[in-house]
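*Asks:* Single-letter residue listing:
Protein chains: 2
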Amino acid sequence: MEIILADHAGFCFGVKRATDLAISLAKDPEKPLYTLGPLIHNPQVVQRLEDLGIRAIDRVQDVEDGIIIIRSHGVPPRVIDEIKARGLEVIDATCPFVRRAQEYAKQLAEDGYQVIICGDQNHPEVIGIRGSVNSEVLVAKTLDELPQHKLKRKVGVIAQTTLSIQNFKNLISQLVERVDELKVFNTICTTTEERQKAASNLAKKVDLMLVIGGRNSANTNRLVEICRNEGVTTYHIETADELKKEWFENVQRVGVTAGASTPNWIIKEVLSVMSEFNEEKKVVL
Amino acid sequence: MEIILADHAGFCFGVKRATDLAISLAKDPEKPLYTLGPLIHNPQVVQRLEDLGIRAIDRVQDVEDGIIIIRSHGVPPRVIDEIKARGLEVIDATCPFVRRAQEYAKQLAEDGYQVIICGDQNHPEVIGIRGSVNSEVLVAKTLDELPQHKLKRKVGVIAQTTLSIQNFKNLISQLVERVDELKVFNTICTTTEERQKAASNLAKKVDLMLVIGGRNSANTNRLVEICRNEGVTTYHIETADELKKEWFENVQRVGVTAGASTPNWIIKEVLSVMSEFNEEKKVVL
Ligand code: F3S
Ligand code: F3S
Chain A
137 MEIILADHAG
147 FCFGVKRATD
157 LAISLAKDPE
167 KPLYTLGPLI
177 HNPQVVQRLE
187 DLGIRAIDRV
197 QDVEDGIIII
207 RSHGVPPRVI
217 DEIKARGLEV
227 IDATCPFVRR
237 AQEYAKQLAE
247 DGYQVIICGD
257 QNHPEVIGIR
267 GSVNSEVLVA
277 KTLDELPQHK
287 LKRKVGVIAQ
297 TTLSIQNFKN
307 LISQLVERVD
317 ELKVFNTICT
327 TTEERQKAAS
337 NLAKKVDLML
347 VIGGRNSANT
357 NRLVEICRNE
367 GVTTYHIETA
377 DELKKEWFEN
387 VQRVGVTAGA
397 STPNWIIKEV
407 LSVMSEFNEE
417 KKVVL
Chain B
137 MEIILADHAG
147 FCFGVKRATD
157 LAISLAKDPE
167 KPLYTLGPLI
177 HNPQVVQRLE
187 DLGIRAIDRV
197 QDVEDGIIII
207 RSHGVPPRVI
217 DEIKARGLEV
227 IDATCPFVRR
237 AQEYAKQLAE
247 DGYQVIICGD
257 QNHPEVIGIR
267 GSVNSEVLVA
277 KTLDELPQHK
287 LKRKVGVIAQ
297 TTLSIQNFKN
307 LISQLVERVD
317 ELKVFNTICT
327 TTEERQKAAS
337 NLAKKVDLML
347 VIGGRNSANT
357 NRLVEICRNE
367 GVTTYHIETA
377 DELKKEWFEN
387 VQRVGVTAGA
397 STPNWIIKEV
407 LSVMSEFNEE
417 KKVVL
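Protein chains in written order, with the numbering used here: chain A, 137 to 421; chain B, 137 to 421.
Keep in mind that the hints are not guaranteed to be accurate.
What the hints assert, rightly or not - Chain B side only, calculated, beta carbon under 7 angstroms to chain A, not exhaustive:
| id | residue |
| --- | --- |
| 1 | Ile301 |
| 2 | Ile308 |
| 3 | Val312 |
| 4 | Glu313 |
| 5 | Glu317 |
| 6 | Leu318 |
| 7 | Lys319 |
| 8 | Val320 |
| 9 | Asn322 |
Stated by the list, open to error - DEER-style ranges, computed between Cβ atoms:
| id | chain 1 | residue 1 | chain 2 | residue 2 | range |
| --- | --- | --- | --- | --- | --- |
| 10 | B | Glu330 | A | Glu330 | 40 to 46 angstroms |
| 11 | A | Arg289 | B | Pro165 | 40 to 46 angstroms |
| 12 | B | Ser271 | A | Glu200 | 56 to 62 angstroms |
Since the hints were made in silico from the structure, they are not lab data.
For every residue, glycine included, the Cβ atom is placed at its ideal position computed from N, Cα and C.
Required output: the full structure, derived from the provided sequences and hints.
*Replies:* Below, the structure is given as structure tokens:
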């Protein structure tokens with residue numbers, strides 16, 4: 137049996153960076169460590185961080201003393217101010233791609249554009265970007281969702297980093313018709329798309345796909361769907377414990393991918409358990 | 137019989153302005169008058185201008201002395217320089233909307249954007265806009281037509297004023313995916329679309345449509361097509377001479393529209409001959 141790991145499986149750059157940062161801080165903690173919200177939507181990772189002494193809190197007010205880690209989504213600058221005003225320390229793990237979206241939004245507003253974020257207004261990243269701008273920001277996924285009378289002559293648009301490019305293209309092409317001047321920063325992070333493309337390419341070439349990731353993780357479920365759409369038998373697991381030897385009977389090639397919130401150590405565990413099932417022990421990484 | 141003239145029938149703002157300007161100059165000519173290229177693609181208008189002493193020339197070199205009128209499409213600035221260098225006078229009737237497109241293109245280039253004109257590279261207007269920019273300008277209607285390696289990180293786009301909005305939207309949405317920063321000025325002049333919409337609305341309400349304009353005029357032919365698509369009998373005429381009384385037998389309501397290059401006097405002639413056919417003589421303008 138040949139085991140092939142898909143390109144771009146698992147953590148994206150920004151999530152890996154934030155997790156590595158948190159773990160390295162925990163090695164030699166001078167003060168209690170906290171993350172504002174769970175660092176990542178994966179119960180195993182959150183558990184591991186807790187074991188290392190890093191607790192997820194909901195509100196800055198819940199902490200008296202210590203260091204607060206800002207996760208990859210970022211926060212509005214006023215949250216940073218609030219933390220500092222309480223005499224707490226901040227370690228900012230905002231993903232550089234999210235930071236860039238914040239800067240563009242700010243710049244657009246300063247240049248007199250009505251800023252629009254193409255995305256979901258309840259997403260923490262969008263809340264952070266919105267809070268970085270000193271004037272009113274509109275958030276929408278389609279033109280219909282926008283208050284039409286607020287569309288100025290000059291409109292500036294950025295995207296939530298995890299938005300689908302199709303969604304962004306649709307909004308932009310609707311806006312072209314509505315405004316005189318349109319400035320667009322394509323802030324979509326290609327990680328998600330690359331992960332999905334790699335999964336779908338791999339699914340075409342194997343007899344079986346394994347997708348590793350939280351059952352409540354939207355992007356992991358999407359990977360499962362993409363693989364199944366390629367017509368290949370696909371199992372969705374959260375950890376190596378769920379692997380069943382009989383799945384692999386008479387299987388020549390297995391493809392493995394993982395959602396954005398699946399850490400490397402879980403992927404490695406899965407690969408290692410699988411290679412024990414495997415007489416040929418041929419793992420292609 | 138009720139005769140209804142469509143909104144926006146005939147000359148657009150820029151063409152009317154250029155024609156009026158030429159005619160007013162001809163009233164009291166100090167020097168020979170020329171237009172660089174035919175002022176407008178309508179044989180009756182060109183004939184009338186000739187009768188007034190305004191000749192269409194192809195090249196600046198063909199003139200020794202006189203005044204050269206720049207038509208609504210505009211020209212590259214070097215043409216103006218050439219005219220002045222020959223000691224000739226210039227009267228610039230470039231449409232203000234075209235002028236604006238030239239200015240935007242120039243500004244985009246100065247701000248470091250790779251300028252793209254969405255349009256037809258052989259169109260005089262596009263040649264004029266291109267010539268207004270001091271760096272390389274790309275012209276295309278679709279992404280495929282663009283030399284991909286020339287797409288810089290920052291791309292600025294304007295449209296030929298007569299482009300269809302759908303075409304512009306398509307190119308923009310293709311570019312969103314390809315570049316980091318996109319600045320778009322929607323320089324499409326809505327005249328054409330408004331004329332077409334008004335024609336199609338009127339065609340729904342009448343028993344017969346008359347479309348006035350040159351048989352070689354693309355936008356006039358398009359009006360004919362739009363009216364026929366509404367399922368109404370539609371006649372295409374160039375002048376009042378072609379009107380036939382029998383067309384109007386048993387007809388209650390007639391709609392009239394005209395292409396962009398059809399002057400008002402031809403429209404008036406048609407309306408006046410028709411109202412002679414008309415016993416009720418009810419003309420709604
Ligand atoms: S957090 Fe991840 S999805 Fe992209 S924007 Fe940063 S690398
Ligand atoms: S010439 Fe006419 S079509 Fe528009 S750009 Fe000027 S009014």
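*Asks:* Against each hint, give a clear statement of whether it holds in the structure.
*Replies:* For each hint, the structure was consulted:
The restraint placing B:Ile301 at the interface with chain A holds, with a minimum CB-CB distance near 5 angstroms, inside the 7 angstroms limit. With a cut of 7 angstroms, the hint placing B:Ile308 at the interface with chain A holds, because the nearest CB-to-CB distance is about 5 angstroms. Interface restraint check: B:Val312 against chain A, minimum CB-CB distance 5 angstroms, threshold 7 angstroms, status holds. At a threshold of 7 angstroms, the smallest CB-CB gap from B:Glu313 to chain A is about 5 angstroms, leaving the interface hint in force.
For B:Glu317, the suggested interface contact is upheld, since its CB lies about 6 angstroms from the closest CB of chain A, less than 7 angstroms. Interface hint status for B:Leu318: upheld, as the beta-carbon distance to the closest one in chain A is roughly 4 angstroms, under 7 angstroms. Checking B:Lys319 against chain A by beta carbon gives a least distance of about 5 angstroms; that is within 7 angstroms, so the hint holds. A hinted interface residue such as B:Val320 counts as satisfied when its beta carbon comes closer than 7 angstroms to some beta carbon of chain A; here the least separation is about 4 angstroms, so the hint holds.
The interface hint given for B:Asn322 holds, since its Cβ lies 6 angstroms from the closest Cβ of chain A, which is under the 7 angstroms cut-off. One distance hint, 40 to 46 angstroms for the beta-carbon pair B:Glu330 and A:Glu330, holds here, with the actual separation near 44 angstroms. In this structure the supplied range 40 to 46 angstroms holds for A:Arg289 paired with B:Pro165, their Cβ-Cβ distance being about 42 angstroms. At about 59 angstroms, the CB distance of B:Ser271 to A:Glu200 agrees with the hint of 56 to 62 angstroms.
Violation of the numbered hints given earlier is absent; every hint is satisfied by the structure.
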